[in-house]
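**Student:** The lines below spell out each chain.
Protein chains: 2
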Amino acid sequence: LPSTLTIIGLGLMGGSLALALRSRSTQDAASHDIERSTLNVERITGVSRNPDTLAAARSAGAIDAGTDDLAEGVREADVIVLATPARTILRQLPEVGRHARSGALVLDLGSTKSAICAAMAGLPEGLQPVGGHPMCGKEVAGFAAADADLFRGRTFVLCPLPRTAPDAVDLARALAKAIGARPTLLDPEVHDRAVAAISHLPYAAAVALVNAVEGVDAISETAWLLAASGFRDTSRLAASDVDMMLDVLLTNRGTVLDWLDAYAVQLGRLRQSLADEDELALRAQLAAAQTRRTGLKF
Amino acid sequence: LPSTLTIIGLGLMGGSLALALRSRSTQDAASHDIERSTLNVERITGVSRNPDTLAAARSAGAIDAGTDDLAEGVREADVIVLATPARTILRQLPEVGRHARSGALVLDLGSTKSAICAAMAGLPEGLQPVGGHPMCGKEVAGFAAADADLFRGRTFVLCPLPRTAPDAVDLARALAKAIGARPTLLDPEVHDRAVAAISHLPYAAAVALVNAVEGVDAISETAWLLAASGFRDTSRLAASDVDMMLDVLLTNRGTVLDWLDAYAVQLGRLRQSLADEDELALRAQLAAAQTRRTGLKF
Numbered sequence: 002l003p004s005t006l007t008i009i010g011l012g013l014m015g016g017s018l019a020l021a022l023r024s025r026s027t028q029d030a031a032s033h034d035i036e037r038s039t040l041n042v043e044r045i046t047g048v049s050r051n052p053d054t055l056a057a058a059r060s061a062g063a064i065d066a067g068t069d070d071l072a073e074g075v076r077e078a079d080v081i082v083l084a085t086p087a088r089t090i091l092r093q094l095p096e097v098g099r100h101a102r103s104g105a106l107v108l109d110l111g112s113t114k115s116a117i118c119a120a121m122a123g124l125p126e127g128l129q130p131v132g133g134h135p136m137c138g139k140e141v142a143g144f145a146a147a148d149a150d151l152f153r154g155r156t157f158v159l160c161p162l163p164r165t166a167p168d169a170v171d172l173a174r175a176l177a178k179a180i181g182a183r184p185t186l187l188d189p190e191v192h193d194r195a196v197a198a199i200s201h202l203p204y205a206a207a208v209a210l211v212n213a214v215e216g217v218d219a220i221s222e223t224a225w226l227l228a229a230s231g232f233r234d235t236s237r238l239a240a241s242d243v244d245m246m247l248d249v250l251l252t253n254r255g256t257v258l259d260w261l262d263a264y265a266v267q268l269g270r271l272r273q274s275l276a277d278e279d280e281l282a283l284r285a286q287l288a289a290a291q292t293r294r295t296g297l298k299f
Numbered sequence: 002l003p004s005t006l007t008i009i010g011l012g013l014m015g016g017s018l019a020l021a022l023r024s025r026s027t028q029d030a031a032s033h034d035i036e037r038s039t040l041n042v043e044r045i046t047g048v049s050r051n052p053d054t055l056a057a058a059r060s061a062g063a064i065d066a067g068t069d070d071l072a073e074g075v076r077e078a079d080v081i082v083l084a085t086p087a088r089t090i091l092r093q094l095p096e097v098g099r100h101a102r103s104g105a106l107v108l109d110l111g112s113t114k115s116a117i118c119a120a121m122a123g124l125p126e127g128l129q130p131v132g133g134h135p136m137c138g139k140e141v142a143g144f145a146a147a148d149a150d151l152f153r154g155r156t157f158v159l160c161p162l163p164r165t166a167p168d169a170v171d172l173a174r175a176l177a178k179a180i181g182a183r184p185t186l187l188d189p190e191v192h193d194r195a196v197a198a199i200s201h202l203p204y205a206a207a208v209a210l211v212n213a214v215e216g217v218d219a220i221s222e223t224a225w226l227l228a229a230s231g232f233r234d235t236s237r238l239a240a241s242d243v244d245m246m247l248d249v250l251l252t253n254r255g256t257v258l259d260w261l262d263a264y265a266v267q268l269g270r271l272r273q274s275l276a277d278e279d280e281l282a283l284r285a286q287l288a289a290a291q292t293r294r295t296g297l298k299f
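Respectively, the protein sequence lines represent chains A and B.
Here the first sequence is numbered in my numbering, starting from 2 and rising by one per residue.
Here the second sequence is numbered in my numbering, starting from 2 and rising by one per residue.
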């Protein structure tokens, strides 16, 4: 089944998707990959407001054609992938709905899924919406950081809507496999609660950590001189792309607030035990965390 | 100046110190290192309550002799290094004071310095106390984890007391250099405030993070399935040795409580901005953290 594919947004995620599909085409031509019949991307169109990004993507061979006109970009596509930040996806979905041709698969790569899947429910009936979230990332953004291997071995969460046709779900699954990822079907609310715990809360914790330590300049030079790997790792996520994370937090607000509250409770318990010099209680909390953390296999 | 050296505690730190000095002796014999005259460790005695540890250290060539009797172990030593957890050091210092011979350098490797330096001030006049903290660590403990290269390239904080003779400070410095570390003189209070910020607070943040996420078992399997590198790094310190960290937190209690409060303020601000959907305020906090974190060179 030859397909034409349009990617809206050629940043880290969209750019990496294009590169990954391209490098797969090359591999397939050589290896006669058995899945070739399922997904055969004949033409990739990129949509970006930035002419430099379009030029870079074209010269890297990531896309065949580029446009800054979303309507034009999606009109002929069999598969439309929204690879912009979450709130931009929410804004772009109605426009995609107005211009996409009937039968097209509409997939997104946004970091949160409940709000986006709810918006997808408003797409015209003929379209086939599937929410998507490849579980990978870097603290860098933009097409310059795009990487054909970004998705390799990663979980690619797919959230079909009740109305989505089984064929369209299969196509989304084939797309995920084509870029080396492991597709996993998940309910949008379950996804959002999970990523809030394992991704958004750690991000918030890292941001607060960097900002808390910033407060005392008198010692900061000494502190950074001593800075060991512990601070480096615990604070790493604070370097994440601000625009993306702002969208993530604001489109997953309720769930993130719940986790922040659970986190504040744990911090408060730790503080109280230390303030009281309650060694038994303190040890119990440290030991519980150590046992759990040591048991996690990443 | 040939020296006999006694190490009390042969865990990760004490064991690594012994191995590092040994591997240096070998290097020196070959390279005629110019610093050899400053510090020439002729004999290393290990003190441990655990006969298996003593046997392992002896068979690894880390120590020449071992004993479970602190008094016997320190009596003949020119240099005494306390490499036990911080609160054990506080308990052992008076006994070291009763049995060490006049003129001996008494150095410790504890993770906090104010309480230990205060206790060192109570040592008999003839002894030469220097508080010490090599800025390195692993989440593993025990002699089995000891590593001759543990201190290589790391900052080794030294806190001499006002009464400590310059020769003794030089000897402590030479010891730090001999194991490949960079000695840095620091006030104990400044040290404790800095490590509370860059090490103890991140540890507490990681413990609370792991314990907060534990709370919701219904989603945990999904969460760990999705777990990306972000959670892994942010929570890494929670796997630290509980006994050591308990000592660290309890001997640096006031300062850690101050930082926990500063951290709670930052988390509260973040929570409030998100709850209010105050995008400007939220962006300012994320951007400040990103700028600072990106600017840190580790």
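In case anyone wonders, no lab produced these hints; they're calculated from the structure.
Glycine is no exception: its CB is placed at the ideal position from the N, C-alpha and C atoms.
A hint or two may mislead.
Here are the in silico distance ranges between beta carbons for each label pair [said to hold, decoys possible]:
id, chain 1, residue 1, chain 2, residue 2, range
1, A, ASP259, B, VAL141, 31 to 37 Å
2, A, SER60, B, ASP259, 51 to 57 Å
3, A, ASP188, B, ARG284, 55 to 61 Å
4, B, PRO52, A, ALA145, 23 to 29 Å
5, B, GLU280, A, ALA66, 33 to 39 Å
6, A, LEU186, B, ASP259, 43 to 49 Å
7, B, ASP148, A, ARG164, 25 to 31 Å
8, B, ALA145, A, ARG59, 33 to 39 Å
9, A, GLY127, B, ASP277, 35 to 41 Å
10, A, GLY123, B, ASP259, 26 to 32 Å
11, A, ASP70, B, LEU281, 29 to 35 Å
12, B, ASP277, A, ARG164, 52 to 58 Å
**Student:** Determine for every hint whether it applies to the structure shown.
**Tutor:** Structure-based check of each hint:
no.	hint	verdict
1	A:ASP259 / B:VAL141: 31 to 37 Å	34 Å, holds
2	A:SER60 / B:ASP259: 51 to 57 Å	54 Å, holds
3	A:ASP188 / B:ARG284: 55 to 61 Å	30 Å, violated
4	B:PRO52 / A:ALA145: 23 to 29 Å	60 Å, violated
5	B:GLU280 / A:ALA66: 33 to 39 Å	35 Å, holds
6	A:LEU186 / B:ASP259: 43 to 49 Å	47 Å, holds
7	B:ASP148 / A:ARG164: 25 to 31 Å	59 Å, violated
8	B:ALA145 / A:ARG59: 33 to 39 Å	56 Å, violated
9	A:GLY127 / B:ASP277: 35 to 41 Å	40 Å, holds
10	A:GLY123 / B:ASP259: 26 to 32 Å	51 Å, violated
11	A:ASP70 / B:LEU281: 29 to 35 Å	31 Å, holds
12	B:ASP277 / A:ARG164: 52 to 58 Å	35 Å, violated
The structure fails hints 3, 4, 7, 8, 10, 12 (numbered hints given earlier, in ascending order).
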